[in-house]
Amino acid sequence: MADGVDPVDSMLDLMRRLPPTNVEENVNALIQICPDYADDLLGSVDQPLKVRTDRATGRDYLACDYNRDSDSYRSPWSNEYDPPLEDGTVPTPKLRTLEIAANEAFDAYRELYYEGGVSSVYLWDLEDGGFAGVVLLKKVMTPTTPDEPSGSWDSIHVFETAERGRQAHYKLTSTVMLELVTKQNNKAEETFVVGEPEKKSSQQGWKSSGEVTLSGSMTRQIEQDWPVHEPTSHIMNTGKMVEEMEIKMRNLLQEVYFGKTRDIVYDLRSMDDLEKARRQKELQKELVGFIKR
Amino acid sequence: MSSKDRIQVATSFILQSPPGEINDVLNDVRVIVDDDERLEEGVLPALREYNLAQFTTVDVPGEHHQTIVSEFARVPGSDEERYLDPRSKTSFIFNHLTLEATDPQSEEPSEAESQRAALESAALSYLSSHYHDGVATIFAMSTTQFVVQIVSNKYNPSNYWAGRWRSQYEIDFESRSIQGKVLVNVHYYEQGNVQLNTSHDLSISIPAAVSSVPHTSAASKIFALIEAEESRCQTSLNDSYHEMGEKTFKGLRRALPLTRQKIDWDKTMGYKLGAELIASNRAFGAHPR
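Protein sequence lines, in the order shown, are assigned to chains A and B. Position one of the first sequence corresponds to residue 9 (my numbering), numbered consecutively onward. Position one of the second sequence corresponds to residue 7 (my numbering), numbered consecutively onward.
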């Protein structure tokens, strides 16, 4: 390989740069080039969650790499694979019991915070005796008219836990993917030619249309210890951690999406007249100099 | 996958590069494709397409200003990548890989030079009023048709962000119209990958009075129209931010549940789950210690 760089590192770096709106196409293109790294890529690049319907219960669930076995996905509600798989991987009966309870708990969490959307929790045993899981939440807002904004939120919380006596150590990695789209269509309004208000009628031909897309993902990690009294303690503990994390990440997303990116646009082009500001500053300097004299 | 297909994928990656990150993308693509020889000649058309589409700027040899390497700047009738800087009336060969201009030659000004120069000086004064690091180039397409391109880049890799503003106006004094587009791209990538992409198409009609006045005053009136339009674009982007923040963002996920309190997992969930999970707890048997 060129320069001895691990191709997976280059692929992940590339995915951190290319537009988040194209993540699925780009991951597929990378897999076509390097089929040997398909598992590494699918396991490390978060992609928008797919909503599927459980054939047995009629309930919606979320599909991602964690409930995939070959080309089938397991539903958390019926524990069945779709398309059916005879020897599809399922959790041990003990872990499945916890998984059922976790799905109920996070479904309640989803209703309280998302007031809609879909949630799914998948658990799996780890080789060293602990277990791991993923909590998925997704909500999509579809516009009813073309001018209304649309958006989607996808949360992926992956955790690992190892029990140490009456304590358990948790490592949580959370990714939130957020996409917001607004379309604008403007026709001539109360507009006039700058400096020539009498030329109002000449502006009738004015029109503009535009589209604004804010999309992306942010990832954060946290490790914590919590007491474990009974198996269901794991649900309370991961519940608290996921809730804290989502509150933090929602604030962070708000800051980056609506604060940072907007500030950068103003760094590119200023609404205020910079030349005027410069002249004012000069004038002020002169005045200060004058007063000092 | 054939090497031709691999180059095609590499091309699509290059064309998606965020502002100021083309070299990072190229480095990644080099490792992934792992075929330097084919890549080098294969991606040259992609780099060319990227440079032209992104209003890439270059220092004009022997001058103290930059010009935009544009499709409109192509010097016709030659196989080489020769582009014109209308401001200094110099043409140069542009290397799409190294982004360097070489072999400067002076070119004859066009018939429309006085009108073009008037637009250029109005453009430069507009730039200094509203852009921190802007470059503008004005091309004369005929005696009545002109193209204005404006680009402003800010790259701040140490703080993980970059941005690019591009605008283009096709001015036609005969049909008295301006067709414009404004494109803004922002990339914020500290522990994540967040991108803002906006596109704005617009058309403005030029008042009859403007086309009949002397060149310098017509030019400053044209840029007054452009200034008003770009400010309106920015205001409308602000409105979109407000709408997305107030409606979409809040509608997707609440800051807190309706109760305005965080979930009491130990109590609320615990009781509910406790009732439902007595049976399942038994199924767990002895708790591992």
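These are calculated hints, taken from the structure and not from any lab test. Heads up, the beta-carbon is just placed ideally off N, CA and C, and yes, glycines get one too. Be careful, since some hints might not be right.
[As the list claims (entries may be wrong)] Cross-link-like lysine-lysine pairs, in silico, PhoX-like; alpha carbons within 20 Å at most:
| id | chain 1 | residue 1 | chain 2 | residue 2 |
| --- | --- | --- | --- | --- |
| 1 | B | 268 | A | 248 |
| 2 | B | 253 | A | 147 |
| 3 | B | 256 | A | 268 |
| 4 | B | 256 | A | 256 |
| 5 | A | 179 | A | 284 |
| 6 | A | 191 | B | 253 |
| 7 | A | 191 | B | 187 |
[Claimed, not checked] Calculated Cβ distances over 12 Å to all of chain B for the following chain A residues:
| id | residue |
| --- | --- |
| 8 | 41 |
| 9 | 42 |
| 10 | 79 |
| 11 | 187 |
Quick rundown of the hints versus the structure:
At roughly 9 Å between alpha-carbon atoms, residue 268(B) and residue 248(A) fall within 20 Å of each other, so this suggested pair holds. Annotation: proposed proximity of residue 253(B) to residue 147(A) holds, straight-line Cα distance about 14 Å (limit 20 Å). Between residue 256(B) and residue 268(A) the CA atoms are separated by roughly 18 Å; this keeps the pair inside 20 Å, and the hint holds. Proximity of residue 256(B) to residue 256(A) is assessed by CA-CA distance (about 15 Å); at most 20 Å being required, the pair is judged to hold.
Proposed proximity of residue 179(A) and residue 284(A) is contradicted: the alpha carbons are some 54 Å apart, above 20 Å. Taking the CA atoms of residue 191(A) and residue 253(B), the gap is about 14 Å. The hint holds against a cut of 20 Å. For a cut-off of 20 Å, the pair hint linking residue 191(A) to residue 187(B) stands: about 15 Å separates their Cα positions. With a least beta-carbon separation of about 6 Å from chain B, residue 41(A) fails to lie farther than 12 Å from that chain, contradicting its non-interface assignment.
Chain B draws residue 42(A) into its interface by the beta-carbon criterion, the shortest separation being 7 Å against a cut-off of 12 Å. The claim that residue 79(A) is not at the interface with chain B holds, since no C-beta of that chain comes within 12 Å of its own (minimum 21 Å). The non-interface label for residue 187(A) is inconsistent with chain B: the shortest C-beta to C-beta separation is roughly 9 Å, within 12 Å.
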